[in-house]
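Participant: In the working numbering, the protein residues as written are 1 to 152.
Just so you know, the hints here were simulated from the structure itself, not pulled from any lab data. Fair warning: there could be bad hints in the mix.
[Stated by the list, open to error] Straight line, CA to CA, 20 Å or less: simulated DMTMM-like cross-link-like pairs of lysine to aspartate or glutamate:
no.	residue 1	residue 2
1	Lys75	Glu37
2	Lys76	Asp106
3	Lys118	Asp137
4	Lys42	Glu29
5	Lys89	Glu29
6	Lys19	Asp58
7	Lys45	Glu26
8	Lys52	Glu29
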Amino acid sequence: MKKNSFVDTNNSVSRPDGKYARVINEIAEHGVCPFCEENLSKYHKNPVEERKFWWVTDNMYPYTPTLHHRLIIHKKHIEHYSELSSEAKAELDQIFQDEMTKQNIDGGALVMRFGTTKYTGASVIHLHCHIVQSNPDDRSYDKSKGVIMRIG
Numbered sequence: 001m002k003k004n005s006f007v008d009t010n011n012s013v014s015r016p017d018g019k020y021a022r023v024i025n026e027i028a029e030h031g032v033c034p035f036c037e038e039n040l041s042k043y044h045k046n047p048v049e050e051r052k053f054w055w056v057t058d059n060m061y062p063y064t065p066t067l068h069h070r071l072i073i074h075k076k077h078i079e080h081y082s083e084l085s086s087e088a089k090a091e092l093d094q095i096f097q098d099e100m101t102k103q104n105i106d107g108g109a110l111v112m113r114f115g116t117t118k119y120t121g122a123s124v125i126h127l128h129c130h131i132v133q134s135n136p137d138d139r140s141y142d143k144s145k146g147v148i149m150r151i152g
């Protein structure tokens, strides 16, 4: 990964079809952060709900098999949890609560990607969170594996 990059191409291998890796490589070539406001609509085509500190949207490249995979992206380019204001943390908690109700999520996982991608497995170096609910009724669901998310 190049210094001052906004994406880590080493962590973009999650889709067997290679589409996600191609997109991340393109973003790397442009040298921009795909989660920053001026680039979000170019690289993220799903509708976005705007809050004061966060954007909430369906993931363009959801993990499989999932019923729900929402992304919560901090609007300001920050990379670490320690940079979050208490007001942004409170809003994030409210978003989690709202999403659980709105999406009718009875169980799932909340994951925040922050800091050095060597440890997070993130491909985008911009603080963001995932709300993931698996779909055990999907034929491709392997009970021994569940939904796999790369961390580290």
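Participant: Evaluate each hint against the coordinates.
Facilitator: Cross-check of the supplied hints:
Annotation: proposed proximity of Lys75 to Glu37 holds, straight-line Cα distance about 7 Å (limit 20 Å). Annotation: proposed proximity of Lys76 to Asp106 is violated, straight-line Cα distance about 30 Å (limit 20 Å). With a C-alpha separation of about 33 Å, the suggested pair Lys118 and Asp137 falls outside the 20 Å cut-off, and the hint is violated. Between the alpha carbons of Lys42 and Glu29 the distance comes to roughly 14 Å, so the proposed pair stays at or under 20 Å and holds.
For the hint pairing Lys89 with Glu29, the CA-to-CA distance comes to about 33 Å; that exceeds 20 Å, so the pair is violated. Of the pairs offered as hints, the one joining Lys19 and Asp58 holds, with about 17 Å between alpha carbons and a cut-off of 20 Å not exceeded. With a C-alpha separation of about 16 Å, the suggested pair Lys45 and Glu26 falls inside the 20 Å cut-off, and the hint holds. For a cut-off of 20 Å, the pair hint linking Lys52 to Glu29 is broken: about 30 Å separates their Cα positions.
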